[in-house]
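Enquirer: Each chain is listed here by its residues.
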Amino acid sequence: MWKASRFFKTGMMAAATFTLFGMLLAGCGGSPSKEGASPADSNNGKPAETGTASPAALPEVKLTWYFVGPWPQPEQDEVFAEVNKIVKEKINATVDFKPIAWGDYDQKMQVVIASGEPYDIAFTSNWINNYAQDVAKGAFLPLDDLLAKYAPKTFASVPKTFWDGTRVKGKIYGVVNQQITARTPHLAVPKKLAEKIHFDINQYSGKLNPDTLNQLEPYVQAGIKDNPKRAFIASFDGLGGDFFNLETIAGMHVPGAVDYSDPSLKVVNQFETPQVKKYAALIRDWNSKGYTNSKERIAIKVDPKGTEDTDGFSIGGVFKPGGDIQDSVGVGYPVLEIPTVQPHLTTGGIISSMQAISRTSKNPERAMMLLELMNTDQELYNLLNFGIKGKHFDLDADGFKVTGPDAQGYNPNVPWMFATNYMAYIDKGMPKTVWEDTKKLNADATPSNLIGFSFDPEPVKAEIGKTSAVFDEYSHAIELGVSDEAKYNEFLNKLKAAGSDKIIEEMQKQIDAWKASKK
Amino acid sequence: MKFRKSLPKMLIHMLFILFSLACILPLISIISISFSNESDILDHGYRLFPVKFDFTAYVYVLYRPLQILNAFKVSLFVSVFGTIVSVLVMAGISYSLSRSDYKFKNQLSFYVFFTMLFNGGLVPSYILISNYLHLKNTVWVLILPYLAMPWFILLLRSFMQKIPHSIIESCMMDGASEFRIFAQIILPLAKPGLATVALFSLLQYWNDWWLSLLYIDNEKLVPLQYMLYRMMNNIEFLTHSSNALPSGVTAARLPSESARMAMAILAAGPMLAVFPFFQKHFVRGLTVGAVKG
Numbered sequence: 001m002w003k004a005s006r007f008f009k010t011g012m013m014a015a016a017t018f019t020l021f022g023m024l025l026a027g028c029g030g031s032p033s034k035e036g037a038s039p040a041d042s043n044n045g046k047p048a049e050t051g052t053a054s055p056a057a058l059p060e061v062k063l064t065w066y067f068v069g070p071w072p073q074p075e076q077d078e079v080f081a082e083v084n085k086i087v088k089e090k091i092n093a094t095v096d097f098k099p100i101a102w103g104d105y106d107q108k109m110q111v112v113i114a115s116g117e118p119y120d121i122a123f124t125s126n127w128i129n130n131y132a133q134d135v136a137k138g139a140f141l142p143l144d145d146l147l148a149k150y151a152p153k154t155f156a157s158v159p160k161t162f163w164d165g166t167r168v169k170g171k172i173y174g175v176v177n178q179q180i181t182a183r184t185p186h187l188a189v190p191k192k193l194a195e196k197i198h199f200d201i202n203q204y205s206g207k208l209n210p211d212t213l214n215q216l217e218p219y220v221q222a223g224i225k226d227n228p229k230r231a232f233i234a235s236f237d238g239l240g241g242d243f244f245n246l247e248t249i250a251g252m253h254v255p256g257a258v259d260y261s262d263p264s265l266k267v268v269n270q271f272e273t274p275q276v277k278k279y280a281a282l283i284r285d286w287n288s289k290g291y292t293n294s295k296e297r298i299a300i301k302v303d304p305k306g307t308e309d310t311d312g313f314s315i316g317g318v319f320k321p322g323g324d325i326q327d328s329v330g331v332g333y334p335v336l337e338i339p340t341v342q343p344h345l346t347t348g349g350i351i352s353s354m355q356a357i358s359r360t361s362k363n364p365e366r367a368m369m370l371l372e373l374m375n376t377d378q379e380l381y382n383l384l385n386f387g388i389k390g391k392h393f394d395l396d397a398d399g400f401k402v403t404g405p406d407a408q409g410y411n412p413n414v415p416w417m418f419a420t421n422y423m424a425y426i427d428k429g430m431p432k433t434v435w436e437d438t439k440k441l442n443a444d445a446t447p448s449n450l451i452g453f454s455f456d457p458e459p460v461k462a463e464i465g466k467t468s469a470v471f472d473e474y475s476h477a478i479e480l481g482v483s484d485e486a487k488y489n490e491f492l493n494k495l496k497a498a499g500s501d502k503i504i505e506e507m508q509k510q511i512d513a514w515k516a517s518k519k
Numbered sequence: 001m002k003f004r005k006s007l008p009k010m011l012i013h014m015l016f017i018l019f020s021l022a023c024i025l026p027l028i029s030i031i032s033i034s035f036s037n038e039s040d041i042l043d044h045g046y047r048l049f050p051v052k053f054d055f056t057a058y059v060y061v062l063y064r065p066l067q068i069l070n071a072f073k074v075s076l077f078v079s080v081f082g083t084i085v086s087v088l089v090m091a092g093i094s095y096s097l098s099r100s101d102y103k104f105k106n107q108l109s110f111y112v113f114f115t116m117l118f119n120g121g122l123v124p125s126y127i128l129i130s131n132y133l134h135l136k137n138t139v140w141v142l143i144l145p146y147l148a149m150p151w152f153i154l155l156l157r158s159f160m161q162k163i164p165h166s167i168i169e170s171c172m173m174d175g176a177s178e179f180r181i182f183a184q185i186i187l188p189l190a191k192p193g194l195a196t197v198a199l200f201s202l203l204q205y206w207n208d209w210w211l212s213l214l215y216i217d218n219e220k221l222v223p224l225q226y227m228l229y230r231m232m233n234n235i236e237f238l239t240h241s242s243n244a245l246p247s248g249v250t251a252a253r254l255p256s257e258s259a260r261m262a263m264a265i266l267a268a269g270p271m272l273a274v275f276p277f278f279q280k281h282f283v284r285g286l287t288v289g290a291v292k293g
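Heads up: the sequence lines are chains A and B, in that order.
Note that the first sequence ends on residue 519 in my numbering; no numbers are left out.
Note that the second sequence ends on residue 293 in my numbering; no numbers are left out.
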């Protein structure tokens, strides 16, 4: 018996040793995939090797597709099965859909990419599952050849400037989903108020900036007189750089922006520019006249939903054709909207929605075929977006989309994510020409000098965190005009102390390197 | 005389009444908030009684009852089965560690202790579990990683060390096998310790959403906590990053505060019911290892 227990002990020890070795092995097993991630040239061979398959006799494959949204939807399996029927018929593939919820996507994709797990397609952008960082990690395949070979229609339908926006070191790594790309914040006013105070909103379309904003003063004043709750509302994040004719490099809350009219691409701290200072001074003045309703609004982070009789002038969001109709439904009363400034085309706008093909994909050519199919087959695209016709949505006699009897069963509402938004059935109430208008708006926008440049925030992550904290502390008071000039300067000094110069330096370095690589 | 005796008593009672209130009031306000309308919360703040009863939050959270029920089942299975197995595993290893005549005691203790301070990190463990052990999308991935928690093992070990060695020796003399000693003598004697550890590990399993976030894609295997966490996260994401999002996604009409509280109640409710059963052992168990003799 004693012997037996001794055996038991030795066994335990052996088991422990084995587990330890196992862990070591696993640790080693992990590293090659990481090493393999960096050299980009090893990827190039892949599509060329497999690219010979003729579409006529395609062997059956399984594709894995990660994407984001308000998942899960109750009847998603049913819809995905329908989608797969079509996909199977057209390109003999089955898609394993991996819908991930908004809050989990970043984290999940980071682990999936780092582990080298095989998958085929993933949604990527500059605001979630960061494109620049993923490309730097070597997570995606360069798509130039694949696009030309397997997705000619998609490739042709997207303007060349857009493709340039996605290029990293000269190569395309993401298939652009076309949507409203030229982004400008809009000025929104309840229709009822505009009529009451005789405010002709259209004469200001595209003409508002820190220099001309004071032209609105008489109207804002009239609004306040009507109801003191009708405040002028605009946050820095809502205004964005665009309102100040600046292209922000990492968002309005992170120091670092380039003036659109500056061909030398010099990075400055946006809060030190004369236009932002001028705006801050104007708001300070407006607050002293009571236009921002700061007493009530200072204590709350997110303004509560108002009504037709309490909402005033606000700047924010994104101006887009049909946007006023959509927003009217959202807030529950008619709203008028105009773009505040002339739109610019920026890298950020272009890469805000893309599908990329993974380096670990076993069938990159088939994945590209799937993306081509999604971008060209209107029925398939709408099925994935809006569910089954007659159940989750319906089309009326004029071809407009209306809600179906079981709309709650499947309504992810992310048509800009799966493929080009221009193929979506138009909602009832929207102008029939909404996609043509959007295309025109995109085409007319002035391309920024920085198209193709994406910032990699990794080297200054700590500083960005610190400056963001400073921004959070001071911004609300500045936006409401409560801060006096001394407080504003204090804000600038704190930003400096938190490392704004280092961030700007890093941005300048990356921009200079990018500029040099372009020539 | 009477007064002099009752005054300190009253003071003490007051103190405990205040303390109990401090514990109970937040719970009541959570319940109240969960039954309030979102706009009432914005207008009137948090209250102990809702301005008017409103079930929007519950309608939102329980909108898919079958899914929630399924998630509940998964959570229940993982918690109960996981707790039983993990307590057995941990009792086993703690017992061997507590035996002073076990030759590799120190080495094994070190091995257990080492994992408390160092681990492979997120990515290697993800690679191990998904690529080598192929546990992704199985219910086991929710159970196995928490089977042996070093902290609980050390806790149980010090508890078992207090059981006199002479008991074990006398059992041996009577001819009991090692297994019999463990099962019939040690386990019953270690009950308070086991109950404490069982409660902790039950909470651990019940409250966990991290493993399912990483390893579960299959909707049928999503446990309750992860489902609620995901709902909350979706609301949070939509309300706070609406500027970054492409246009068209709006956070209109999402009950955020009240839904958060409704979820808290759904998530904590079952545990509140379980707690009293453990309480008997809990007090004794907590002091385990506090006094070393």
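Simulated from the structure, these hints should not be mistaken for lab results.
Don't take every hint at face value.
[Said to hold, decoys possible] No farther apart than 25 Å at their CA atoms in a straight line, the calculated lysine to aspartate or glutamate pairs in the DMTMM-like style are these:
{"hint": "1", "chain 1": "A", "residue 1": "Lys466", "chain 2": "B", "residue 2": "Glu236"}
{"hint": "2", "chain 1": "A", "residue 1": "Lys62", "chain 2": "B", "residue 2": "Glu219"}
{"hint": "3", "chain 1": "A", "residue 1": "Lys85", "chain 2": "B", "residue 2": "Asp217"}
{"hint": "4", "chain 1": "B", "residue 1": "Lys136", "chain 2": "A", "residue 2": "Asp96"}
{"hint": "5", "chain 1": "B", "residue 1": "Lys136", "chain 2": "A", "residue 2": "Glu89"}
[Stated by the list, open to error] Sample of chain B residues with no beta-carbon within 10 Å of chain A, all distances over it, derived:
{"hint": "6", "residue": "Val51"}
{"hint": "7", "residue": "Gln67"}
{"hint": "8", "residue": "Gln184"}
{"hint": "9", "residue": "Asn234"}
[Unchecked claim] Some, not all, of what chain B presents toward chain A, calculated at C-beta under 7 Å:
{"hint": "10", "residue": "Tyr46"}
{"hint": "11", "residue": "Arg47"}
{"hint": "12", "residue": "Phe49"}
{"hint": "13", "residue": "Val123"}
In this text, a Cβ means the ideal position worked out from N, Cα and C, and glycines have one as well.
Enquirer: The structure should be examined with respect to each hint, and the outcome stated for every one.
Expert: How the hints compare with the structure:
A C-alpha spacing of about 22 Å is found between Lys466 (chain A) and Glu236 (chain B), which places the hinted pair at or below 25 Å, so the restraint holds. With a CA separation close to 20 Å, the supplied pair Lys62 (chain A) and Glu219 (chain B) stays within the 25 Å bound. A hinted pair counts as satisfied when its Cα atoms are at most 25 Å apart, and Lys85 (chain A) with Asp217 (chain B) qualifies at roughly 22 Å. Our distance criterion of 25 Å between C-alpha atoms is met by Lys136 (chain B) and Asp96 (chain A), whose separation comes to about 15 Å.
A hinted pair counts as satisfied when its Cα atoms are at most 25 Å apart, and Lys136 (chain B) with Glu89 (chain A) does not qualify at roughly 30 Å. Look at Val51 (chain B): its CB is around 15 Å from the nearest CB on chain A, clear of 10 Å, so calling it non-interface holds up. Taking the minimum C-beta to C-beta distance to chain A, about 7 Å, the non-interface status of Gln67 (chain B) is violated against the 10 Å cut. For Gln184 (chain B), the condition that its CB be more than 10 Å from all CB atoms of chain A holds, with the nearest at approximately 16 Å.
The Cβ of Asn234 (chain B) does not lie farther than 10 Å from every Cβ of chain A; its closest approach is about 5 Å, which violates its non-interface assignment. Residue-level restraint check for Tyr46 (chain B) is violated (minimum Cβ-Cβ distance to chain A is 14 Å; threshold 7 Å). With a cut of 7 Å, the hint placing Arg47 (chain B) at the interface with chain A is violated, because the nearest CB-to-CB distance is about 17 Å. Hint status for Phe49 (chain B): violated, given a least beta-carbon distance of 22 Å to chain A, over 7 Å.
At about 4 Å, the closest approach between the beta carbon of Val123 (chain B) and any beta carbon in chain A falls short of 7 Å, and the interface hint on this residue holds.
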